[in-house]
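Since the structure of chain A is provided, determine the placement of chain B on it from the hints.
There are 2 protein chains.
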Amino acid sequence: MPTRSSKTAPHPLDPLTADEVLAASQILRNHLQCADDEIRFKVIDLAEPPKALTLQYIYHNGSAPNRKARIYYHVKRSQALMVAIANLATHEIENKYNSPDSQGPVDADEYILVHEACNNHPAVKAEIAKLKLPPNARVLNDPWAFGTDDTNERRRLFQCYMYIALSEDDEANHYSIPIPLAPIFDAHTLELVQLQKLPMGTGDEVDEETQPWDPTKPVEYSAGILGKDAFRKDLKPLQVHQPQGASFRTSGRRVEWQKWSFILGWTVREGPVLHDVRYDGRPLFYRISMSEMTVPYGDPRTPYHRKQAFDLGDSGFGLTSNILSLGCDCLGHIAYFNGVRVTGDGNPMVMPNVVCMHEIDDGIGWKHTNLRNGKSSVVRNRQLVIQCTATVANYEYILAFVLDQAANIHIEVRATGIVSTAPIRQGLHVPWGTVVAPGVLALNHQHIFCVRIDPILDGDSKNTIAYDECQPVVNEPDLDPYGCAFRVNTTVIEKPGGYDLDISKNRTFKIINEGRTNAISGQPRGYKLHPVPSQMLMMGPETFNFRRGIFSSKAIWVTKYNDDELWAAGEFTNQSREDTGMAVWTKRPENVKNEDVVLWHAFGVTHVTRPEGKSF
Amino acid sequence: MPTRSSKTAPHPLDPLTADEVLAASQILRNHLQCADDEIRFKVIDLAEPPKALTLQYIYHNGSAPNRKARIYYHVKRSQALMVAIANLATHEIENKYNSPDSQGPVDADEYILVHEACNNHPAVKAEIAKLKLPPNARVLNDPWAFGTDDTNERRRLFQCYMYIALSEDDEANHYSIPIPLAPIFDAHTLELVQLQKLPMGTGDEVDEETQPWDPTKPVEYSAGILGKDAFRKDLKPLQVHQPQGASFRTSGRRVEWQKWSFILGWTVREGPVLHDVRYDGRPLFYRISMSEMTVPYGDPRTPYHRKQAFDLGDSGFGLTSNILSLGCDCLGHIAYFNGVRVTGDGNPMVMPNVVCMHEIDDGIGWKHTNLRNGKSSVVRNRQLVIQCTATVANYEYILAFVLDQAANIHIEVRATGIVSTAPIRQGLHVPWGTVVAPGVLALNHQHIFCVRIDPILDGDSKNTIAYDECQPVVNEPDLDPYGCAFRVNTTVIEKPGGYDLDISKNRTFKIINEGRTNAISGQPRGYKLHPVPSQMLMMGPETFNFRRGIFSSKAIWVTKYNDDELWAAGEFTNQSREDTGMAVWTKRPENVKNEDVVLWHAFGVTHVTRPEGKSF
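So the protein sequences, as listed, match chains A and B. Going by the UniProt record's numbering, the first residue of the first sequence is number 1, and it counts up by one from there. Going by the UniProt record's numbering, the first residue of the second sequence is number 1, and it counts up by one from there.
The shape of chain A in the complex, shown without the other chains (with noise of 0.2 Å):
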């Protein structure tokens, strides 16, 4: 069918522009009719176009739909999160509402502000000078999205957990030495909420007063600290070379590549997305994305019961993404992509190269040798790997988008970085977390992702997911005489919501086109979801961690296609009460067969810290 991609106007679903990101503040701007110093900026991402219209757009010479921009943002003196649609075709702001029951996302700004306002609170300082620091200390704190404990909390706030460093440095790695203390500031007044302790035992017991600082070492990574000397010398350089270049193609944010193609996009909330992806010609997903992830963590003690980041909705795959270089993190040709993202003020800021794709060879893709004649055919397994590393305070997650040239889509998530660490008085250990170093813990987390696939087959809006189960032909003599005998059983999914991986019956889940059928099997058209077996969420349905994000209860979700519905955990996370996502469209008693269905595949680990056996 027509592409119609390489247009010079951006498509429908290219990512916002800087001169966008501009337009869209000075709409809201124009239309709010106040001082540019009243209004103060969180996220401008772009406000995608109903699918219905983009779809007629893309594959049956429909007209463009408008260009449009979804807006968080303050009126300053105004605690209330407000949100606006901003149409930058017309100039208009077509859609403005407060929500002011809800937290809006992270920003840089005010992550900078409550940090200073922590570090320099004269009442937090005497707390640090109680701890008698080595005079070389230099005290750190991480701002924490505070995780929901009280349904009347409507303050917006931080938990800050504090460190030291030993090194002038600013490499020093502070994690390696928490202390006790975490305050709690108001990240709209800037006010300590409470000088919040930390306990250093069993229990939630604290110190009744802060107590001189029990040294330890820091552990360094930082090759300007540790030098290069500490570092292994015996790996020969593995260099990758492309004399032609690379084998895909670019116009605009379309890629094409191996009989893929595909529109990149990118949001500041879940940073790289795949919109129009076609294999050979043919339709397969409208769109595919790292919809939502969770981080709860085990420890019951105060305040650690509050740890439970949502990572994309309180601060953004996108926003948090790396500035990536060349020759740093890829080997190879390496295409770059930037994002653009909001500052406080208005204005776009781009964010170079957060994106980077590049090819990578795994290794024996198909083989055969004939062993009549001891000829073989090779054939290797070219990827296609577009990727993005997102730093949030510790932690790293290194997401992937793999094509292959088997019409394979692999979605990897890496999760690096640091371990969240907590302080623990020297010889103690809990059941919450591991002891890594003498004086530090390692809390017991998970990491619960979800993707998101929105699915057109062969070109059609309305698609199945159904499942399939291997299982053994069971008091079947005169057919299965040997028992050997084993049948596929296709059940189809009719309603929305949540199902089970179940391994002991190979259970598979597969997105059909029952209008379209195999010309060879007979069988409808599919793809096939190969998913990733994992423990989910531990904590019940009573709980704000079960509550806060359903999604991370079940590994696999189906759901009624409805636009703007993206965020397995609903549009706002951050000191989110209830789950306003999942937990709401998989209570629609709707049909799901053959409909304009989405499919979420809800993955992850539950980490249990292993430290090395290297001693202190």
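The hints are simulated quantities; they were obtained by calculation from the structure and are not laboratory data. Quantities reported herein were computed from a predicted structural model and do not represent experimental measurements. Keep in mind that the hints are not guaranteed to be accurate.
Calculated lysine-lysine pairs in the DSS-like style (CA-CA distance at most 30 Å, straight line) [said to hold, decoys possible]: (1) A:Lys259 x B:Lys217; (2) B:Lys125 x B:Lys217; (3) B:Lys528 x A:Lys505.
So, partial list: chain A residues that the calculated Cβ filter (under 8 Å) puts toward chain B [claimed, not checked]: (4) Glu208; (5) Val219; (6) Tyr221; (7) Ile225; (8) Gln239; (9) His241; (10) Gln242; (11) Lys375; (12) Asn506; (13) Phe544.
Ideal Cβ placement from N, Cα and C applies to all residues, glycine included.
Leaving out everything else, chain B in the frame of chain A:
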């Protein structure tokens, strides 16, 4: 600790050399005092010395145990499988026994003889004639190891599945045109036992009179037949350069790479084996190997119920390993290792380059970006891959041991090649497989592998297997008022047996050394297994499929170590009636806690073939 692996004499765990294979066959000849052509050799492999003696030698300056060879052979005119252990130091046969109730593995000589006997047998030719094949048709057959369906059967049988090729080119893909004949031959007498026909319909019934072939197009893969134009032209070269060479060092079969040290063993049965595996000077494993694989088919129609290959025990990953040629299968700087097998007449046959070793770059290994200064630290994930490709008729298995820089060993199997096909009347579908081309059925089946892990953590033979489960704290409101807490519960395994995985509890198995404590965590030093959750064998305990290889029924097995207990389904799997491996070892009422213990992991795939959408 000292390593003496670089001595000129072979290390006790080195594979047999060509000279040693020849010496072993000579020792047996001399012992048997019979004419050269009176003996037909099947297999000569290293008979490993007792673990106790070998550890004494490696770690405590003990003397080198004698080198010994295990020989499978037949005295001609006898069908009895004979086994002898030849001492290469004393030149004596130490142990000789026949195994009349067992069938040895398939050997190359008989495979060719059976193939010829089938293709040339007048009765077979007469049936072929009824197919009225086009003049350019060539008839081929694949002799299959004969799965068990009769406990009284003692003949050595092969089922010859027949196909045609429609080209003189010897690269023509005969698997794409199966014909409804599968004669059974006796491998000793080469007599036709049964002119078995294959069902073309939904049931067992076969055509009374073999019907003329219903023409279908072949599906070819060979570049020689398809021509260059059939392949993608838009993939640009990707080259790996290692200007300073590889980072590994070898001395004999001892390999040193990135804190790793191991002896790269090899057997005809298993292919590559890792011995005496150490990390940073610390012993981790005495032996790591692919122990067995079973491939049961899920089609109850005769004779498909007999399709259950044990691709290590029936043939051997070493015996079937491809001769790898530089630049063909791998990129970068590659080291190759040879294997040696015995010919039927007792001569050594060197199999050049059956194992390759090279480094790969697996993307980012660790990264952290300091959000305060934007500086990032990145470590790439360099890995060492030890790999072989085994061709078992239509299938290829790519077995790789992948070592990384964080003390992980990844064991990877890629199943590739061509699916096992059967004829089906055009237009029909059956529940037992997927029609992948007109008249061609790909039968549903499973591949279940079993890895054997023999640990010596920190040099102690006494280790323990335990599993951790992450479970929520329930009904302890005083401890856990918000319900977020979870604990890690550890269960120590004290008895041999099979154990399930449990994703819902994040059950993870680990090897621990109860005698040594991690100085930081205060817990026993351990090494964790990241299992592959898979559907296990579907066939029930009453079936031959189950009784021949119970390892395939559970993901985890624990046994007490005994010398020579290396093969999960027992020594002789070909036409086996009972599992003489795990089934026996796990019934022993032994303690395995803080003992010399072996950990086994079974994993695999249930393969329901998905055809491409391309039309015919």
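Structure-based check of all given hints:
| no. | hint | in the structure |
| --- | --- | --- |
| 1 | A:Lys259 x B:Lys217 | holds (25 Å) |
| 2 | B:Lys125 x B:Lys217 | holds (23 Å) |
| 3 | B:Lys528 x A:Lys505 | holds (26 Å) |
| 4 | Glu208 | violated (21 Å) |
| 5 | Val219 | violated (11 Å) |
| 6 | Tyr221 | holds (6 Å) |
| 7 | Ile225 | violated (10 Å) |
| 8 | Gln239 | holds (4 Å) |
| 9 | His241 | holds (4 Å) |
| 10 | Gln242 | holds (6 Å) |
| 11 | Lys375 | holds (6 Å) |
| 12 | Asn506 | holds (4 Å) |
| 13 | Phe544 | holds (7 Å) |
Hint compliance for this structure: hints 4, 5, 7 are not met, and every other hint is.
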